Amino acid sequence: MSAATQTLDTVQSVTQSGYKWGWETEIEMDLAPKGLNEDIIRLISSRKEEPAWLLEWRLKAFAGWQQMTEPHWARVEHAPIDYQDLHYYAAPKRKPGPKSLDEVDPELLRTYEKLGIPLKERAILAGVDPASIEGGSQVAVDAVFDSVSVATTFRETLKKAGVIFCPISEAVRDHPELVQQYLGTVVPTSDNFFAALNSAVFTDGSFVYVPKGVRCPMELSTYFRINARSTGQFERTLIIADAGAYVSYLEGCTAPMRDENQLHAAVVELVTHDDAQIKYSTVQNWYPGDAEGRGGIYNFVTKRGACRGARSKISWTQVETGSAITWKYPSCVLHGDDSVGEFYSVAVTNNRQQADTGTKMVHIGKRTKSTIVSKGISAGRSNNTYRGLVRVLPQAAGARNHTQCDSLLIGDCCGAHTVPYIESRNPTAKVEHEATTSKIADDQMFYCRQRGLTEEDAVNLIVNGFCKEVLKELPMEFAVEAQKLLAVSLEGSVG
Amino acid sequence: MLEIRGLSAAIEDKPILQGIDLTVPQGEVHAIMGPNGSGKSTLAYVLSGRDDYAVTAGSVTFDGRDLLAMAPEERAAAGLFLAFQYPVELPGVGNANFLRTALNALRRSRGDSELDAVQFLRLARAETKRLAMPEDMLRRNVNVGFSGGEKKRNEVLQMAILRPRLAILDETDSGLDIDALRIVADGVNALRGPDFSALVITHYQRLLEYIVPDRVHVLAGGRIVRSGGPELAHELEAKGYAGMLTEAA
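Residue numbers (the working numbering), protein chains in the order written: chain A, 1 to 495; chain B, 496 to 744.
Take these hints with a grain of salt, some might be off.
Stated by the list, open to error - The calculated DSBU-like cross-link candidates involving lysine-lysine, where the alpha carbons are at most 30 Å apart (straight line), are:
1. 439(A) with 624(B)
2. 366(A) with 484(A)
3. 509(B) with 472(A)
4. 509(B) with 468(A)
5. 279(A) with 34(A)
6. 369(A) with 468(A)
7. 646(B) with 468(A)
8. 484(A) with 472(A)
9. 646(B) with 160(A)
Hint data in this document are derived by calculation from the structure and do not stem from the laboratory.
Here the structure is a predicted model, which means the values were calculated and not measured.
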């Protein structure tokens, strides 16, 4: 048996045991009845005590959605989704939007503790001087449990800096002018089927506003957890960096193991004004389903950033290891002259997972620049597709793009596909595309093992080496987590 | 320390080794010479456990243990090191990280404590300096963008850091200029001692002027056809393989 075959067997032996976030929290839920109609949307809107304009906005999106059909151009296959068989609202039975961690159900806090998410603002809330615990690497966390945000930490520290970081449902109440000004301006309700659905039924998510000239004093993070059965999660995130502002935002996701497929259709909108910068990092680890492809999250996500200001920058970094299906194209629309868009991605698929992911870079402003680095790793019987669009409009003189797509195959039952679309309508633009596909070669495995590494260590080392360009873009704490996650996703014996 | 008895091996049903008998006692350096296609590299791969080769007969013991029953990483842990004829590139994997992972795997398997990054770098820098290699060798990715000579020197650096009990050098001299050859030889000679044995596989006698072997074996047609002292290498150089093989026949 060749080294690669043995590796393949090791990889294929990964089953549910490898997913250690698969437990369920026993908690009383407030569930909307199954099904989707105007009444359900009104119910969501009233539960959230929303203003009339938002309800209208939702209903308009819903009307649009009813005219749309599910897209099928991606290289993914799934059984038909029954949109009437889902709960569109699920919240732990407590008043949503607690003022402090003390108001949060202890069972929820234990859930996040078990997930390793530090909701450690307790000390501050208890009256400890924030200055005494600042410094080091602090991360402010917004935790979203099914449909609602359960806790947001470090709010006071952020408030001092003028940064708004809160559940979007709360932003609708407290900062309606900001929400109304930006919501749906990057991803319109009519953008696509899943974005329209999200606009109609979104329940929570994070809202960030960083005012002019402010560098956000800490990393902001949202942790998404799907818990309830037969629910969809439709979160909506909106991040605005005003002129000269900077913010780094992290997003993590997990879900219990179930033999049903659960739908996750999020929308993320980013806006940067002149000289502003948003760095958005994701470690996506939704339950991927078992070895036979039973269960797992259907992850249909629309993420887009608009570089509205000159010299502004939006950078997407994603490590995608979870979900049965990933359909996700974090994109940048480069309006501002000299604005910069970046996309760094590692997508791992194993067993029966399917990923169709990539980005869109739309160059509008002069001398706009974009960089795309995509690393796809396929194992088991999975399919991994990079799909990317680089579009240069006629006015984007001097635009530049560099795209690098590398695929790594483990075993010979998996697939890697690269689908680049390039449309350049300005003769001064430079667009470069490089793509490679490689296998973990027998001689690489043998070389490592001859030096004393086990097969698992060798695969780990080679995969991490393959992803290095992307992993180094992640904030330190996330990079470590991501490396571990790659090991778990590919190896089975770990975790 | 290394006992090879009647070893035969094939690749894809094609017999390559046809009954090798060879003993390398502890502390000795033996050279294996032979024409192209005689089975030299196959012997190196079979001893280190590459699974493209099927052992069809014979036995190999290493310190009394059945070598052929061990996985490649177990052989490495037991102290066997192969300097590859064609060292493999590992894109994105730093040389220092690779070596530390390897060294710590070996130390773990022997029950020794692992070295942290600082301890390891101190050791690695000292060895790099001793072998007159540029320090950036440690920072670069394993063999990526290395010249042929640099790759071979990197093998010797790995050997110096991993400190094997038996090193197999598979044509480490091929493609080296005279300066690089000296560095490689110095690296091997520095390890020589009662606890170090080596099997130096080479096509040419040149390397053996710098690494003087205790014994020389001539491999042809998958068998050892002659064995002798270091003078055998000189005889080979004078007569050529064809001449010697005619005599042996």
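Hints versus structure:
1. 439(A) with 624(B): 35 Å, violated
2. 366(A) with 484(A): 41 Å, violated
3. 509(B) with 472(A): It is violated: about 47 Å lies between the C-alpha atoms, which goes past 30 Å.
4. 509(B) with 468(A): Roughly 41 Å separates the two Cα atoms, so the pair is violated.
5. 279(A) with 34(A): 37 Å, violated
6. 369(A) with 468(A): Holds - the C-alpha atoms of residue 468(A) and residue 369(A) are around 22 Å apart, at most 30 Å.
7. 646(B) with 468(A): OK: residue 646(B) and residue 468(A) at ~22 Å, within 30 Å.
8. 484(A) with 472(A): 14 Å, holds
9. 646(B) with 160(A): At roughly 56 Å apart (the allowed maximum being 30 Å), residue 160(A) and residue 646(B) break the hint.
Consistency with the previously given hints fails for numbers 1, 2, 3, 4, 5 and 9, ordered from lowest to highest.
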